[in-house]
Amino acid sequence: MEYVFWKEEVRKSFFIILFILAVFQGTVFSQKPDHFYNVDTEKKIRGTIQKIVMESRYKDASPFLIVVLEEKKTEEVYNVEISPVRFFAHDFHKGEELEVTGSLYFKEGEKNIIARQIRFRGEIIMLRDKKGFPAWRGGEMKQKKRRKGKRF
Amino acid sequence: MERRRDETEKEKKRQAVLKGRNFLLFFYLPFLGILIIFFVFSSLNRATIKKRTEDLVKEQLQAAAGILKVNISHFLKENYSVDEIFGSYSGEEDIYYIALLDENKRILGWSSRFEGYLPLSLQAIGDEESWIIDSPVGKIFNFFSPFSSEEGKSYFLYIGYSLGNLEEMILYSRRSFFLIFGLISIIGIVFFFGLYQLQRHYLDKKKEAEDEKKEKERYRDISAFTSGIAHEIKNPLNSLSLLFELLQKRVPEELQKDVSLGKEEIQKVSRIIDQFSASLKPFRLNKEMFSLAEMVSDVRESLFKEFSTDGIEISYSESSSIMLNADKGLMQQAFLNLLKNSLEASEKGRIGIRAWQKKGKVLVRIDDPGRGIPEEDMELIFEPFFSTKKKGMGVGLYLTKKIIEAHEGEIAVKSQTGQGTTFFIQIPGG
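First to last, the sequence lines map onto chains A and B.
Heads up, the final residue of the first sequence is numbered 152 in this note's numbering, and it's a clean run with no missing numbers.
Heads up, the final residue of the second sequence is numbered 582 in this note's numbering, and it's a clean run with no missing numbers.
Hints in this document: simulated from the structure, not taken from any laboratory.
None of the values given here were measured: they were computed from a predicted structure.
The beta carbon of each residue, even a glycine, is placed where N, CA and C say it ideally should be.
Misleading hints may appear alongside valid ones.
Not the full set, but computed from the structure, chain B residues with beta-carbon under 7 Å of chain A [what the hints assert, rightly or not]: (1) Phe266; (2) Leu270; (3) Pro404; (4) Glu406.
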């Protein structure tokens, strides 16, 4: 138990020092208020690919693959955020069907979805876990799998 | 003989199985029990320590969040934007995500180390909560708490701390535990195995002593019994022998040969009885110093008189003049038995006797070019009444072994069918 108390003291000092350092550092790393994986707004849509674009979505992150999808039932258009381009190993083509499960948010009057899971050509591809943690940042095991050539 | 050997093998197997069971019952089962108790106790102890550590870390992180709230409140008063405020915490390694919400729980701004990752469900959350979630980068401590700015406006702060250090500590503790557990297991196995070996050695020795005692008692009984019979037979035999001697003097010339043959046969029976008696009686050694070479020479002479040794030569050589302190009569008998066996087994060639001294012991080696001893008989040749010869009684080698052992010596044999036999004798002194 002495060890635990010792750790506690060290941790307390560690937090205070880091806090002081952080206050004077001043690097911005925040995002727009609505643009996060909100588990409360999860939705599933099925549609046809209209367009494929690459966009910078997060600060200091590489460009993301964005698919413009037209929902079959409502013909509404969604901008679907897939993953960083470097991470995604499949090719999308205009006119192909795609089923997306993800978190919906609105930005400048447009409907956007951060994809968690997609069904494409009969294959299910997991992009995030159920709480929205991105698969491309997912711990050692996934990185090892990626090195072997399998990305998901 | 085969049946006896099979029974011995079965007994050995049965004892080996019993020893195996005893080993399990008396050594490893209690040890296993101790290990299980240790494992359960340590696991419970570790679980308690883990729980208490988590509680302490939780308290600590809540305290740290309290400091953050005070600082954010101050920044808000100074009219810093949310982006600017959160930018201040970008260097903090342990903060995975942070969000500021207004009084209606609408997100005003947020920041995360992982793209779009802010695992907050506003639908079911209360005013103040803390919980831990699992993520691919380890456990994250989540804290959702209200606070007021210095101007009196209400806000909520949501923050996710990495519990990586705690997990490292738990992992270290688990590794240490398994290391200690493994070490104790290995040490225990080695220790108990050593203890078992000692105990087995002790039991083997004890059993050997008991067997020896029983064997002695058995031979004492047989000896007493047969000595009585021998005595009873020898008296009339002696009378018969005397009678034949008298007859030899009185019978006509043409019957002399038959009477002489009868007398020899009686003497032969008498010798056999003497041998039996000798093999069953414990020896009383009358030690004296004598030359080994001379003793062997006497034996050789005696053999040449008794047996036909055509085509067989008996040679003797020694490293230096060897004087032996032993019972000369018994030693003569031992060598006579060995050489008689060698002669009977050999048709031609040379029986070589070589003697030398080493570390206070006299070593003798007898090689014969005979037919050798089959492998299955090797263990039995020193047993009493075991013989492969048609006329043999199976007493000679048994008696030889007894004589050598009575002198605290050892005898061994090496043989291969068709390639002769070698006897090794080792006697202390000389």
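Now for the hints, and whether the structure bears them out:
no. : hint   : in the structure
1   : Phe266 : 5 Å, holds
2   : Leu270 : 4 Å, holds
3   : Pro404 : 118 Å, violated
4   : Glu406 : 115 Å, violated
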